[in-house]
Amino acid sequence: MAESVPEVPSGEAARLAGITKHFFGVAANEDVDFDLRWGEIHALLGENGAGKSTLCSVLAGLYHPDSGEIHLDGDRVDLGSPHQALDHGVGMVYQHFRLVDRFTVAENLTLGHPETGFFTSRRSLERQVGELGRRYGLEVSPQAAVWQLSVGEQQRVEILKLLYRGVRILILDEPTAVLTPQESQNLFGTLRALADDGRAIIFVTHKLDEVMAVADRVTVLRDGRKVGAMPTSEADPATLARLMVGRDLSVTERPRTAPGEPVLSIKGVTAEGDRGLEAIRDVEIEVRASQIVGVAGVAGNGQRELAEVVTGLRRPKRGQIIMGGVDITRSTTLERIKLGLGFVPEDRMRTGMAGGLPLAANLALKAYRQPPLSKGPVLSKQAMEDRARTLEKQFDIRGVRGALPTSLLSGGNIQRAILARELSARPRVLVAAAPTRGLDVAAIQAIRQLLIEEADAGTAILMISEDLEEILDLSDEVIVLYEGQVMDRLPRDRADPDLLGMLMAGRGVDAA
Amino acid sequence: MSLSLGSRRLTVESRPVPSRLVRFLAPTFSVALAFVIGALILVATGQDPLLAYTEMIRKGFVGRLALTGTLIIATPLIFTGLAAVVSFRMKVWNIGAEGQFILGAVASSGVGLWVGDQVGGPLGIVLMLVAGALAGALFAALAALPRAYLNTDEVISTLMLNFVALGIMNYLIFSSFSFWRDPGRATFPVGKFVEDVLFLPRMVGRLHVGLIIALAFTVVIWWALRYTKWGFELMVTGDSPRAALYSGMRVDRKILSVLMVSGALAGLGGGIEVGGVLHNLDPRALSLGVGFTGIVVAALARLSPFGVIPVAILVASFSNAAPGLQVLGIPSEIVILLEGILFLCIVAGEWFLRNAIRVERTAGPAGAEAPAS
Ligand SMILES: Nc1ncnc2c1ncn2[C@@H]1O[C@H](COP(=O)(O)OP(=O)(O)O)[C@@H](O)[C@H]1O
Ligand SMILES: [Mg+2]
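Those protein sequences? They're chains A and B, same order as listed.
Here the numbering used here is used: the first residue of the first sequence is 2, the next is one more, and so on.
Here the numbering used here is used: the first residue of the second sequence is 302, the next is one more, and so on.
Watch out, some of these pointers could steer you wrong.
With the Cβ distance kept under 7 Å, some of the chain A side facing chain B (calculated, not the full set) [stated by the list, open to error]:
id : residue
1  : ILE338
2  : LEU340
3  : GLY357
4  : LYS367
5  : TYR369
6  : PRO378
7  : VAL379
8  : LEU380
Everything labelled a hint here was simulated from the structure, so no lab data went into it.
A quick note: this is a predicted structure, and the numbers were derived from the prediction, not measured.
All residues carry an ideal CB built from backbone N, CA and C; glycine is no exception.
With the hints as constraints, model all of the structure from the sequences given.
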């Protein structure tokens, strides 16, 4: 970013003073001050549950604070609704998009826009969208229906929608959580261009690298309170991490355990994706006891299908899967579970958990079949509860309140709960997909530690991750998937980020 | 979401978990509101709401005849209500209780006519009821199999099958000289009556033991949903089919079994109606919408098996009182109207369970707000 450092930002765009917001007794924001200047990208950093989304929603008019003041452009305002905020030029791209799937991009842009009359010509709209898109690197086809777009493209539409309404203060709530590394880079370029044009950007994240890479200033929240604010030029990752978590983080060192016998062999497996095209082709992977094999690759290159084929949720077209000497290619998911297969799925909330059920039920999702949780067809609720208490303590799962839906837990706690369930079944093979995606620093540490301990205890782990750092930290061997095929297979000491990056982009070593 | 009204602002926030008080107040308030709206409509149409309501209570509950009459009507509603509870709990929408109930009646009357007095009372009755349940289950399977294995929409298939069932029943009595039809009555077609030994025993007046069977099944369903692996799998599948698949459950078989249990309950209800009340296949008495009302009952009971009992009795008391109201010059449609209003109010109440509304003053110093919901 060296050549494009903007002029010193000046002029107050927005100021929040003493914002407090409680949700049914939980303090989401407590006396938070925040100020934003024109022309800057201001990162809002904090762990999950720190209150970032709440603070943004207050500025975007979605929530009314219990107390505190909002000043825009120097004037005190009262924002009654997101609409009023939009009238003041404040707009937010929410963590969960709010587009209408069936509508086209153009229709979504004009939806609810007061000035778009009935007669606004489609051509002029498309021209404006095209212009905005080119200027800020937000190209999308105006005629495409939203459901046809990738997540990254949908995000562009969200941003375009706000720009089209003349928003000058743009809030993005964890925009990179759903993006590939490449898409994130593009987004950063867009944000920089928007800021250079004098807009003010709030960029919410819990990733330190992103703060360092893109923000001019950073404000750190912890447990609903502001714990620090500084220009990024004066910040360093270690300080930010300490502010964010409230303590120093230890670095995991993986002591090497000698790998044992092969436990999982995937032999020449080909399988189709949801659209009937071959999603993985002739994949060969072998995982030994005590070994962590990392599968690297950009999302959408067959990772999900690979995990599903191994766990029995998808039928392979060709090839063979052997686990502990048994051919499980045609086995049901249940048979595989009984043979000792554990699975941490990528989609935690819908696949890994039944989000609407209490945690105790979710922790029992696999163990309910045997005593002590059940005898014959009859379930023991008491045993289920007891087991849940034990696992909560053992795996440090926090925030559990009785029969509350599991979906109310934070991402880190949900992931701990999934691991608690899978590891307590003493698996021989564990497939872990995106095990730490979207989690905060402390949770990431805890989850990685659990995986390492599990491998040391003899489990064969197949870890699928887009996070190169994670792959390099944990794996004994790295496999790179590209367009459904294994590009290469490297022992840990031969794998480095540059090489992996190249392979992930589909370029073989020779071509480099 | 929020809405400004002058200096006030209404803010809506979702309530992840409603408090105990709210969970109790919302339905109580909904029922009360339904009666208030009903009263307003009565007043608007020149009726005396007080008179209407007292009559409804009197004709529905006061005295042996009123009470047993209400309970007799409630019995099949408990079965169709339970049928809806079981399937709706899994978010599989069996709208076909009506047809399953009818085919249950067809099968049990058929078996009753077939066994005659050859096997004796108790065994004959059991055979009739088993046949009713089986027919309901198999009829539900017609929708369940394509739903489980081809992922067709069960709402449409179960709904359409209602008309098929109705057609079959009408054909057997009105358009053919079938085994079910009384050949002696050519001009005014009716179903043949089963032997007296096959009548369900009566307890008080005309009130038959079907009510006890209904209560027993309520307990069984409650227990099965709460304390069995089957109920656990149903709950997980209902909340997230993907999570169910992932944890090794067979979602297709679950859909099949749940829809068939649901159909069996409705079919058993039909069998009990034949054994306890009608004693023949009577298309007029069997096409009053018991299956559809069961859906309303289940919804009002918020899918709780035990909730089905009081709701079924309340709704049954309305129907029981309707003819009596007409005598007083109050149109009996008021009863259907009340049912509808009740349904709408409960749906609205459900919304209040999930969302909190706060009224705030927008002017004045920050912090001076009056939460009121
Ligand atoms: N609508 C809501 N209802 C109840 N609690 C909420 C709601 N929104 C947020 N919270 C709670 O407030 C706290 C802060 O949440 P949030 O602002 O979403 O944090 P972040 O975006 O930093 O992860 C959390 O404890 C969360 O559970
Ligand atoms: Mg958030």
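* Which numbered hints fail -> 2
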